[in-house]
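Sequence lines, in order, name chains A and B.
Okay, so the first sequence: first residue is 1 according to the working numbering, each after it adds one.
Okay, so the second sequence: first residue is 1 according to the working numbering, each after it adds one.
Note that these hints are calculated values from the structure, not bench results.
The C-beta atom is built at its ideal place from N, Cα and C for all residues, glycine as well.
Do not rely on the hints blindly, as some may be mistaken.
As the list claims (entries may be wrong) - Which chain A residues face chain B? A few, computed with CB under 10 Å, are given here:
1. R42
2. A69
3. Y95
4. M143
5. A194
Stated by the list, open to error - Calculated pairs, DSS-like style, for lysine-lysine (alpha carbon to alpha carbon, straight line, at most 30 Å):
6. B:K149 to B:K138
7. A:K154 to A:K175
8. A:K82 to B:K149
9. A:K175 to A:K82
10. B:K111 to A:K154
11. B:K111 to A:K175
12. B:K138 to B:K111
13. B:K138 to A:K154
14. A:K82 to B:K111
Claimed, not checked - Stretches of chain B that chain A covers, calculated by requiring three or more beta carbons in the stretch to come under 8 Å of a beta carbon on chain A:
15. 24 to 33
16. 46 to 59
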Amino acid sequence: MEEAPIGLAAGEGASALLAVEAATTEGHAAGEDRSEGDGSQRGVAVLLGAAAIAAALVGALAAGHASDASDAWNSAVRLDLKRATAAVEDIRYIYQAEFPQAVTIMSPRSMAAAYTAAASADPVNAPALALAANGQTNAASAMEQSIALTSDAKYALPNGGVDLARRLADVRNEKPDLVAIDPAIAQAQGDELAAKSRWLLLALVPLGVCGLIGTLAQAFRRSRTPLLALGAALLSVGVIAAVAAEVLA
Amino acid sequence: MSAAGTSSRGRQFDILTTVLIGVVALLAAVLAVLQSDYGMASSRAAAQAARLEGDASAKIQASSLARDAGLRATQDALAMGMSGIGLSMAGLQGGDATAQSLGDAQTDGGKRLQSAVDESVATSGQSPVDPYTSGLIKAQEDAIAAEVKQQNDAVDEAADTGSRSNRAVLGLSLATLGGVLAGIAAVVRVGRPGWLTLGVAWVLVAATALVAVLTVA
Chain A
1 MEEAPIGLAA
11 GEGASALLAV
21 EAATTEGHAA
31 GEDRSEGDGS
41 QRGVAVLLGA
51 AAIAAALVGA
61 LAAGHASDAS
71 DAWNSAVRLD
81 LKRATAAVED
91 IRYIYQAEFP
101 QAVTIMSPRS
111 MAAAYTAAAS
121 ADPVNAPALA
131 LAANGQTNAA
141 SAMEQSIALT
151 SDAKYALPNG
161 GVDLARRLAD
171 VRNEKPDLVA
181 IDPAIAQAQG
191 DELAAKSRWL
201 LLALVPLGVC
211 GLIGTLAQAF
221 RRSRTPLLAL
231 GAALLSVGVI
241 AAVAAEVLA
Chain B
1 MSAAGTSSRG
11 RQFDILTTVL
21 IGVVALLAAV
31 LAVLQSDYGM
41 ASSRAAAQAA
51 RLEGDASAKI
61 QASSLARDAG
71 LRATQDALAM
81 GMSGIGLSMA
91 GLQGGDATAQ
101 SLGDAQTDGG
111 KRLQSAVDES
121 VATSGQSPVD
131 PYTSGLIKAQ
141 EDAIAAEVKQ
151 QNDAVDEAAD
161 TGSRSNRAVL
171 GLSLATLGGV
181 LAGIAAVVRV
191 GRPGWLTLGV
201 AWVLVAATAL
211 VAVLTVA
């Protein structure tokens, strides 16, 4: 949408320059020096005006993209912090809240298993060991329903441990939008916009040189016509480069 | 002074003024490019530094939480085993076979608990945990140190490009001042004040060019 004014400005500038050159040629033919001077001065004014408009539009576009790039990078920072905070909070919940409780339940379970094994190997003390095993089993049973890590069989491991990874994955997947956060996308968007802005800014250089050439054309009257042609060429290069950067980059 | 001489000086004055304006336009364009480019580089590096800082901090927290939880559970298992050894020794000394048997079983219970804890801790950061969370839990100290170094480099880059961007702004300010003086000179026209104004404007433009070079150097 914003390319149209550039093209328009360039188009106006080019047609005005053509008109001026035509006027200049006619002036030569007629030998009217004053008319020639007026026409070429108008050409300088048109060239400088067109270059200024094109530079302002290109600069505004580049600044807009640079601002958007900065926004995207800052968005990546925010997303990164949001993702990290969510992940650390889930990890904290599993490792500081659930796992210590699970260990508290794994402890009587282990004891019960050890007492039961000892009771079968030691018939003399078997009653005492069985009693102890029973007590530990009851203690474990009373507590194990309090947390998912020990109450849900899917987290149980062969040696009496608990599957922390599976439990953490389940807790994380309770909020899938937080797991799906990918700051790299915003970062890549920022990089893309910055590249576009950079290409647009490079288009400002021929426009700046065009400004210099335009003032030289004003200062050096004898070389005005070739300088105007060079300025118009630079203006065209700048505008084409800007449009290409906006569309292709 | 002859009319021809005055006219020649006037012509020189006009040429110097118009060329000055052209040079100001060119320098302003170049400086605008530099300022924006370095400004963007500074913003990107600062954002990158903030991201790396947050990531390193999250890795330190997450890996510590997982490691500390494992260590605390190991302490519990050791305490249980040691308690069993104590009971067993007391039974042995007191001639209480039941206490000794209970103590031995408790020591075995400690070993079983340790095995269960090791089994649990071994799953930390494994599948099906998402890769990002897994990376936080499994982060090693050397990897975190490397990330902190990267973060420091990004901070340095942000500072360097930021100061270059500021230098370009200084150059733009000087160019603006030079442009304004050129305009004033054009109004004042030939004469001592006009030449003086034009001279100062050229000095400012030269300073602008120097600042532009220093911005890139």
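Cut-off 10 Å, beta-carbon criterion: hint that R42 (chain A) touches chain B: Since chain B brings no Cβ nearer than about 16 Å to R42 (chain A), farther than 10 Å, the hint is violated.
Given the hinted pair K111 (chain B) and K154 (chain A), is their alpha-carbon gap at most 30 Å? The given pair, whose Cα atoms are some 24 Å apart, holds under the 30 Å limit.
A194 (chain A) as chain B interface residue, shortest Cβ-Cβ below 10 Å: Check passed: Cβ of A194 (chain A) comes within 5 Å of chain B, closer than 10 Å.
Taken at face value, is the distance from the CA of K111 (chain B) to the CA of K82 (chain A) at most 30 Å? violated (41 Å)
Does M143 (chain A) meet its interface restraint, that is, does its C-beta lie within less than 10 Å of any C-beta in chain B? With Cβ-Cβ at 14 Å, over 10 Å, it is violated.
Sort out whether K138 (chain B) lies within 30 Å of K149 (chain B), counting only the CA atoms. Since the Cα atoms of K149 (chain B) and K138 (chain B) sit roughly 19 Å apart, the hinted pair holds (cutoff 30 Å).
Against chain A, does the stretch 24 to 33 of chain B show at least 3 residues with beta-carbon separation below 8 Å? holds (count 8)
Pair hint outcome, K154 (chain A) versus K175 (chain A) [Cα-Cα no greater than 30 Å]: This hinted pair holds, its Cα atoms lying about 20 Å apart.
Going straight from one Cα to the other, do K138 (chain B) and K154 (chain A) come out at no more than 30 Å? Given that 30 Å is the threshold and the Cα spacing comes to 23 Å, the pair holds.
Is the Cα-Cα distance between K111 (chain B) and K175 (chain A) 30 Å or less? violated (37 Å)
Chain B contact restraint for Y95 (chain A) - C-beta distance below 10 Å: holds (4 Å)
Using 10 Å as the Cβ threshold, decide whether A69 (chain A) counts as touching chain B. Interface hint status for A69 (chain A): holds (6 Å vs cutoff 10 Å).
The structure is inconsistent with the numbered hints 1, 4, 11 and 14, although it conforms to all the rest.
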